[in-house]
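Novice: Here is how the chains run, residue by residue.
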Amino acid sequence: MAKCLPNTGVISWITTVDHKRIGIMYAVSAFFFLLCGGIEALLMRTQLAIPNNTLVTAGTFNSLVTMHGTTMIFLFVMPLSAAFFNFLTPLMIGAPDVAFPRMNALSYWIFLFGGLLLNFSFVVRLAPDGGWFNYANLTGKAFSPSHAIDFWVFGVQILGLASLIAAINFLVTILNMRCKGMTLLKMPIFIWTTLVTQVLLILALPVITVALVMMTFDRTFGTGFFDPAGGGQVIMWQHFFWIFGHPEVYILILPAMGIVSEILPTFSRKPLFGYTVMVYSSCAIGFLGFAVWAHHMFTTGLGPWAQALFSAATMLIAVPTGVKIFNWISTLWGGQIRFTTAMLFAMSFIAMFTFGGLSGVMHSSPPIDSQHQDTYFVVAHFHYVLYGGAVMALFGGIFYWFPKVFGYYLHEGMGKAQFWLYMLGFNLTFFPMHFLGMQGMPRRVFTYAGDQGWNLWNLVATSGSYVTALGGVMFVVNIVYTMATKKKKAPADCWDGRTLEWSLASPPPEYNFAVDPEVKNLDDWWHQKYTHDGRRLTPRYQPDVDPATKHLPHPSFWPIILAAGLEIVAIGFFFDEVGHYISVAGLVVTLLATYGWIFEEA
Amino acid sequence: MKPKSKAMGRVACLLSASIASLLRGAGSFDEHPYSLSASFKTPMDTLAGLTDWAQGINYVYAITTVVVAIVFLAVSIPLVYAIRRFRVSDEEWGTLVPPKQVHGNAILEFTWTIIPVILLLFIAVPTWQIIFRQPEKHQVPANAMRIEVIGHQWWWEFRYPELGITTANELHLPEKTPVYFEISSADVIHSFWVPQFGGKMDALPGKGAENHLFFTTPVLQHPEKKGGEYYQGQCAELCGLSHALMRFEAVLHEKAEFERWATVFHNPPVVQTDLEKKGEQVFMQCMSCHTIEKTPSADLEKQLLAMTPPAHKAGPNLTDFGSRRMIAAGTRHNTAENFHDWVHDPSSIKPGSKMVSLGLPQADIEAVAAYLRYSTAKTY
Amino acid sequence: MSADAHAVHHTVTGIDNRKFGMWVLIGSECFLFGALILNYLVNRDRGLVGPKATDIFNIDITTLSTFDLLMSSVAMVLALHACQHREIKKFRFWTAMVILGGIIFLGFQYFEFHHFIHAGLGLTTNVFGSSFYLLTGCHGTHVFFGVLWLTSMLVTSFIRGKEWFPSVQLEVAGLYWHFVDVVWILIFTVVYLFVYL
Amino acid sequence: MGENQHATVGLYWKFAAVLCFITFIEWGVFKNDTFRSNAKLMIPLLLGLSVVKFTMVCGWYMHLRYDSNILAKIFGFSLGLALLVYTIMHLAL
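Residue numbers (my numbering), protein chains in the order written: chain X, 1 to 602; chain H, 603 to 982; chain C, 983 to 1179; chain G, 1180 to 1272.
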């Protein structure tokens, strides 16, 4: 049955198991959700532009806060990073595809259905309003009786499952399917940060899964895990959430660090400074990420010893991060820097991420954090690290690898315009928030009085957010223009890069490598092009081969059906009387899909 | 000077001129809410550092800011220099021979690992000093005044066990006295925070989840002024629809004035005009949620507390409502017009508020307004 | 059984991708069961109403179910050994024994839950009950899924006939089963034997 | 694929017997009143026994000892980190 599926058209996208197509689908879905998150952000900023504003009600504002946070983290940065993992990992390590191609498709479809379920809450006017961290007993049945919080609980549960399946897939791919000669310390740095990210995902997601199951039991079956009346503790949710929460923020930033570490060497025409140190510091950040979670809970009365230890661990994490920043600058030092849009984004990442990291170091100390916690200073901090850091780097990655994915360049002029609009709008929005935080404006307030001294900075922040929105529009125009005109064709080695994917044609053939590559040293592709004293050599590009000769995994319907089954199980929890029938039906569909999957010719 | 950098130079001096005029001009429009001077040193300024604890925080704050500034310069100067110095135009980028392929330098790596560790110690040591300065429950000095803070969904309840006082939304404090707060919540997680006095402490629901806070109240800035000084506080943890409107005020009194307040607080409401007498009758309908000391509502509260399990009234205590500056937990000023809007339709002012609008006719609202705003007013 | 395309691809560590993936899943499940066990340890004496652990746990039944799960692990190893040595009779016999062991364990658990509910410890009686049922229930669901997995393999073996020896797939199922047994060893000690500590 | 010539059927049966014996000891220790009273002795003993069973099943039945040690590293790292994180959380509670 699988052999007769067409190679183009909607069916081919629904049944694809090719890591490149799945990567493109991840990216497209991520940008759709960026649009949703962006609109939510603009609505919030417009509501906060002037005191006692009535643009949105308090309930809607709390939903906007929750959905903006959840969408940007779980539905934009993580899937866009997954798009880069999917597209680049097999190409960079010389593998034909990922370890489990159909499981790769499964994790995409589960992610998409989870994202749609989460955003469907707007359609039924039940958008979750507990904050992206959903603290315990405000989100219990007693204080949030409607199904709004269930949308968040099941949305994040499904997204967690998708990320877990993808993480297992990529960990096995990276550790088990590298080409000949590519030892661990000869892998591109982006593959290292991807590896650490997958380890973090694999170890952090089960904790949030347990916490979400406990919350589902509390809300659906009336158990009292987080209900103080029944002996439960509200603090348990915070502990379990942040044991996942802090590795989660490293999951968001490590891929961005990997992308920047790929872009900087290419446009400085120099190798990454201190490659092994960068590898060890990424691993150190990943490992320490598990020992710092309580710095989100300094004001919940942990007691002096816990505060002292967690603040020490949090400060310790600043050391490997600092080492990486100095290594990036040393990569630029003595190079030949070319100002392409991707390079502009990468260089601005260093500056903005450093500033965000330093404002974070400030509230790593509990006394200062007792003033910063839950104020706009923290909002400024994590936007500098997440927006100025991850989002800038991801857009850099888009402009850097777009020619390789589609075969033609994005328009550099529009790219630079978007970059400067982002830089101006971003700083205009989030720098004043440091002052707002120091002047005591708490987070998640839907309005404020006119006499509290917060009027000027809120207005400036709102104007900045509109400038950023303009930058977003510029990006859409750039994509549409490039897709329509396809003017500037891209060769195989678009930017004279250093990693294996530049040896393939752009766009790369479906079978990736006609001849299995062999790697002798780090940045092997650069060494094929230049001798030590800079003399040019002719590198071995991958020859074109008739695709029929290469064995490709067959497209399959089962991933999307299995994902739909899991979705139906979750939907069952939203109907009080007939709910369990729907869930059982979902289980049956999942089981049938599993058996269909097993007995299918791969 | 390459043409591009000349343009940059002109932009830079334009920018600095406009900022200078802005700052110089700031003095002229002080009272304007959007002025720079109105946007610093605001009523909830976290750097005010009035209490000993807040000064401890500012001590660590100052050191950390210096260290952070040093690191920021150590990063941004080489970064900007490298970008300007090693930039190459697009045309000649591909033609040049690639630069020296430098792979790493062990000494450099060692230095920028050790130096940050040393710099971080500058932050860590004062941090630990301040952390362990907060006393544990058993180390609290005996003369400290105990105050119980209980967070409700969207208002604050303050109890003074030694003085037998239960009040709401206005935290009366004597100056220069050590105070020991026991912070808990009656429903969801809140966070008790007076930015000018120091950091916040979460109010967690549940037995045994009480959090403790200890500091010495600040000195009065204008001792000659009677009636106490007002410092704003706000809930800092998302607690539902009206989280933004769950504010309160700490009122700092001179010691003797505080003693007078504590004694006068227990006086029964003084009902003079017949409008107030009518208001007292109308207040009978509010008795199921609110209590005023030495009135039938207080006896009702005793009966409710005597039940097993003890039933607590849903609304705040209104014993000294008349002398409060703000109503509805710091949301509106205590004026007749605001009071009318609040009683007429509470959820329009505080979304999701548990106070129901009893649909009182206009005359009853005016009566209960007179009773609550005048007869309960305490002069001290 | 479908021979996945990548099975022929040379793997760097020489270990089949599926076996590698199962070990990674086991690593992930360490955190899952760790969270559940910690949640039980924290909540076991916080129940305000309803029976305590000491008055309803029956150590004899639980020790028997531990024996049973250990023996099913032994059967699993023997089944794998038989499969790798292409002994069709033994392979099918020991796989059936593992499935039987799993079903007996689930029987013990059903009986134990039934007894507890009668003693007044429902899912929502108190936080101790909820945590206990969440932990043992989650483990029970894993055992059930294992039984389902092995039954499917046994049935496929009868369909595919005497020449079909799924060594890799059975090894992966075996890893899963041994891990579930190892988690029960921890649960048995932490939940049942630490009742008085 | 991964023929393990080290582990013969005989060895599996020997291990089975040892595992049952350890479980029997645990049952005995639990039933015995003198042990039940002092926790200081009982916790290390019972934990020790369960760790022995744990390593036996993981080491031999799951071929961790014979396969390439990257699997042991992955499992060891996850288990170790889980123990570390949850002990810290138990202390911080």
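Honestly, the hints are just simulated from the structure, not real lab data. Please note that a few of the clues may not be correct.
Stated by the list, open to error - So the derived list for chain G, only partly shown, Cβ under 8 Å to chain X, looks like this: (1) I1249; (2) A1251; (3) V1264.
What you are looking at is a predicted structure, and each value in this text was computed from that prediction instead of being measured. C-beta: ideal position from N, C-alpha, C; glycine also.
Novice: Against each hint, give a clear statement of whether it holds in the structure.
Specialist: These are the hints, each one checked on the structure:
1. I1249: Given a least distance of 7 Å, the restraint on I1249(G) holds.
2. A1251: 14 Å, violated
3. V1264: It holds, given that the least Cβ distance between V1264(G) and chain X is near 5 Å, below 8 Å.
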